[in-house]
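Residue numbers (the numbering used here), protein chains in the order written: chain A, 1 to 137; chain B, 1001 to 1294.
For the record, the hints were derived by calculation from the structure and aren't laboratory data. Don't take each hint at face value.
Stated by the list, open to error - When the alpha-carbon atoms are kept at most 20 Å apart in a straight line, the in silico EDC-like pairs for lysine to aspartate or glutamate are as follows:
no.	chain 1	residue 1	chain 2	residue 2
1	A	6	A	20
2	A	55	A	102
3	B	1085	B	1069
4	A	98	A	85
5	B	1031	A	13
6	A	47	B	1136
7	A	45	A	59
8	A	45	B	1223
9	A	100	A	56
10	A	45	A	56
11	A	45	B	1284
12	A	131	A	107
13	A	54	A	107
14	A	45	B	1102
15	A	6	A	19
16	B	1148	A	102
17	A	6	B	1047
18	A	117	B	1223
19	A	117	B	1152
20	A	47	B	1152
21	B	1148	B	1163
22	A	131	A	115
23	A	54	A	88
24	A	6	A	115
25	B	1105	B	1158
26	B	1031	B	1136
27	A	117	A	107
28	B	1148	B	1223
29	A	45	B	1047
30	A	54	A	32
31	A	117	A	85
32	B	1272	B	1284
33	A	117	B	1142
34	A	54	A	106
35	B	1253	B	1265
36	B	1026	B	1069
Stated by the list, open to error - Computed list of chain B residues with no C-beta within reach of chain A, every gap over 12 Å:
no.	residue
37	1011
38	1041
39	1059
40	1234
We treat Cβ as the ideally placed atom computed from N, Cα and C, and that holds for glycine.
Each chain, letter by letter, is given below.
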Amino acid sequence: MADTLKLEIVTPESVIYSEDVDMVTLPGSEGDSGIYPNHVPLMTKVKAGELVVKKDGAEEFLAVAEGFAEITGNHVAILTDNAIDSADVDEAAAEEAKAKAEQRLEEGGDMTEDEAKALNQAILFSAAQLKAKRSRR
Amino acid sequence: MPSTRDIRRRITSVKKTAQITNAMEKVAQAKMARAQQAAIGGRPYAELMNRMLGEVVTHAGDFEHSLMETRGGERRALILVTTDKGMCGAVNTNLLRLVSDEFIKDDTRVISAGRKGAQHATRAGWDLAAEFSYADRPTFTEARVITKVAVDLFESGEVDHVDIAFSNFVNTILQKPEVQTLLPITEIKGVSAGVEGEEMSAELPGGTTEFLFEPSASGVLGELLPHYLNFQVHQILLEAKASEFSSKMVAMKNATDNANNLIKDLTLTFNKMRQAAITNELLEITTAQMALGN
């Protein structure tokens, strides 16, 4: 049995990440879960947050938005609205996006539940980006 | 009989038109490449989504979801995906003809994405429930808003079916108007990401492995279904855009070719007339000379 995991992160726009890794920690809906090779088949919701990949002894950080993960033995597939490698995170842009979303949420007004939810997700994703970026240092 | 000057003026005007259509062709070509790229980019996601949905459905047991509910009624809503702008060949015409011939009844509620569809709906007196526009590169958010309206109509019981009409992108010269059922999700079918017109394998993987679900199978399915709908609408928007631009490109290419042919014809007429005028003049001169000469 191979002792690596094939990690795939797929968004509607493209495949963000597809590599063999040693371990991945993903932000599940019931808390973070660390996935090692030969994990029991699992289907879980993913919260917006930070995803840590261990590969050849080094750690990589990615930010993911809300989505789903499918884990089968040696394959981890993550289906998400948005994902970004921490190396590509533009900190200023993320800060700004977060501030903007927070402000919109603050103002409230005639916002529908869905819009509020989308804004919340945007805030969480921005926060995840910042966190991933900072963990990297 | 137009004078040579009239013809020369017409040639200049046709030349300018050809320049414009040529430029529009080039723009459409660039945009088409991008739109096709986007449609292809959505494919891995569609595949993964189908697989996950298949697995959840096989393991969720007798799970009922409001979006899967089949009701007996015949009230329908139609999401009509057209373009915002004209000058794109026959995509809108073909789609609207198909839709008005076969799908629109008196009580059909129309949700229009794209201005052309909305205009037609108003003119034809259809029951327009909502109108949206979408960008050249449709975003997920735009798809979500459209889906939301449709889901609301369905869940509130105002309609029993939701269909979506769009022009499917087969290839650059062929776009096929198509109507797909969106709601209820009675059977999970592949999202046709068909850039080359091929369908995704609609076969669901068998339940060979036992899955754990977090938090629960129904919980995951409850989240996945709306997401699936959004994604399907998004993919359809991408396809509609690819269709629009390829059709526009072909239409503009034809226009440019026609203009060039016209220029050729006009130039020929112009030269003939000029030649005739010269011959005429020469004749006059010789006649005058002969009259004087002897």
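Hint by hint, here is what the structure shows:
1. Only pairs whose Cα atoms come within 20 Å are accepted, and residue 6 (chain A) paired with residue 20 (chain A) is accepted, the gap being roughly 4 Å.
2. Among the hinted pairs, residue 55 (chain A) with residue 102 (chain A) is inconsistent with the structure: their alpha-carbon atoms are about 35 Å apart, more than 20 Å.
3. At most 20 Å may separate the alpha-carbon atoms for a hinted pair to count; residue 1085 (chain B) and residue 1069 (chain B) exceed this at roughly 37 Å.
4. Note on residue 98 (chain A) and residue 85 (chain A): the hinted pairing holds, with a Cα-Cα distance of about 18 Å set against a maximum of 20 Å.
5. Between residue 1031 (chain B) and residue 13 (chain A), the direct Cα distance comes to roughly 16 Å. Compliance with the 20 Å bound is thereby established for this hinted pair.
6. Under the criterion of a C-alpha separation no larger than 20 Å, the hint pairing residue 47 (chain A) with residue 1136 (chain B) is inconsistent with the structure, at around 30 Å.
7. Annotation: proposed proximity of residue 45 (chain A) to residue 59 (chain A) is violated, straight-line Cα distance about 23 Å (limit 20 Å).
8. At roughly 8 Å between alpha-carbon atoms, residue 45 (chain A) and residue 1223 (chain B) fall within 20 Å of each other, so this suggested pair holds.
9. Proximity of residue 100 (chain A) to residue 56 (chain A) is assessed by CA-CA distance (about 38 Å); at most 20 Å being required, the pair is judged violated.
10. Between residue 45 (chain A) and residue 56 (chain A), the direct Cα distance comes to roughly 27 Å. Violation of the 20 Å bound is thereby established for this hinted pair.
11. Proximity of residue 45 (chain A) to residue 1284 (chain B) is assessed by CA-CA distance (about 94 Å); at most 20 Å being required, the pair is judged violated.
12. A hinted pair counts as satisfied when its Cα atoms are at most 20 Å apart, and residue 131 (chain A) with residue 107 (chain A) does not qualify at roughly 26 Å.
13. Distance hint between residue 54 (chain A) and residue 107 (chain A) is unfulfilled; the C-alpha atoms sit about 41 Å from each other, more than 20 Å.
14. This hinted pair does not check out: residue 45 (chain A) and residue 1102 (chain B) have alpha carbons roughly 41 Å apart, beyond 20 Å.
15. For the proposed pair residue 6 (chain A) and residue 19 (chain A), the alpha carbon gap of about 6 Å is at most 20 Å, so the pair holds.
16. Among the hinted pairs, residue 1148 (chain B) with residue 102 (chain A) is inconsistent with the structure: their alpha-carbon atoms are about 23 Å apart, more than 20 Å.
17. Of the pairs offered as hints, the one joining residue 6 (chain A) and residue 1047 (chain B) holds, with about 17 Å between alpha carbons and a cut-off of 20 Å not exceeded.
18. Taken as a hint, the residue 117 (chain A) and residue 1223 (chain B) pair is honoured in the structure, with Cα atoms around 13 Å apart against an allowance of 20 Å.
19. With a CA separation close to 17 Å, the supplied pair residue 117 (chain A) and residue 1152 (chain B) stays within the 20 Å bound.
20. For the suggested pair residue 47 (chain A) and residue 1152 (chain B), the alpha carbons sit about 25 Å apart, so the restraint of at most 20 Å is broken.
21. Restraint check: the Cα-Cα separation between residue 1148 (chain B) and residue 1163 (chain B) comes to about 14 Å, which is no more than 20 Å; the hinted pair holds.
22. Simply put, residue 131 (chain A) and residue 115 (chain A) have alpha-carbon atoms about 24 Å apart, too far for the 20 Å limit, and the pair is violated.
23. Taking the CA atoms of residue 54 (chain A) and residue 88 (chain A), the gap is near 18 Å; set against the 20 Å cutoff, the hint holds.
24. Our distance criterion of 20 Å between C-alpha atoms is broken by residue 6 (chain A) and residue 115 (chain A), whose separation comes to about 35 Å.
25. Simply put, residue 1105 (chain B) and residue 1158 (chain B) have alpha-carbon atoms about 15 Å apart, close enough for the 20 Å limit, and the pair holds.
26. This hinted pair checks out: residue 1031 (chain B) and residue 1136 (chain B) have alpha carbons roughly 8 Å apart, not beyond 20 Å.
27. Our distance criterion of 20 Å between C-alpha atoms is met by residue 117 (chain A) and residue 107 (chain A), whose separation comes to about 14 Å.
28. Using a Cα cut-off of 20 Å, the hinted pair residue 1148 (chain B) and residue 1223 (chain B) holds, with the two alpha carbons roughly 14 Å apart.
29. A hinted pair counts as satisfied when its Cα atoms are at most 20 Å apart, and residue 45 (chain A) with residue 1047 (chain B) qualifies at roughly 18 Å.
30. With a C-alpha separation of about 15 Å, the suggested pairing of residue 54 (chain A) with residue 32 (chain A) holds against the 20 Å cut-off.
31. At most 20 Å may separate the alpha-carbon atoms for a hinted pair to count; residue 117 (chain A) and residue 85 (chain A) exceed this at roughly 24 Å.
32. Taking the CA atoms of residue 1272 (chain B) and residue 1284 (chain B), the gap is about 18 Å. The hint holds against a cut of 20 Å.
33. With a C-alpha separation of about 15 Å, the suggested pair residue 117 (chain A) and residue 1142 (chain B) falls inside the 20 Å cut-off, and the hint holds.
34. Among the hinted pairs, residue 54 (chain A) with residue 106 (chain A) is inconsistent with the structure: their alpha-carbon atoms are about 38 Å apart, more than 20 Å.
35. Pair hint residue 1253 (chain B) plus residue 1265 (chain B) holds up; C-alpha atoms about 19 Å apart against a cutoff of 20 Å.
36. At most 20 Å may separate the alpha-carbon atoms for a hinted pair to count; residue 1026 (chain B) and residue 1069 (chain B) exceed this at roughly 47 Å.
37. Consistency note on residue 1011 (chain B): stated as away from chain A, and its beta-carbon is indeed over 12 Å from all of that chain's, at 47 Å minimum.
38. Here residue 1041 (chain B) does not stay apart from chain A, with its beta-carbon only about 5 Å from theirs, under the 12 Å limit.
39. A Cβ of chain A approaches the Cβ of residue 1059 (chain B) within 12 Å, the least distance being about 8 Å, so the stated non-interface status is violated.
40. Under the 12 Å C-beta cut-off, the non-interface status given to residue 1234 (chain B) relative to chain A is violated; the minimum distance is some 6 Å.
Of the numbered hints stated above, those contradicted by the structure are hints 2, 3, 6, 7, 9, 10, 11, 12, 13, 14, 16, 20, 22, 24, 31, 34, 36, 38, 39, 40, listed in ascending order.
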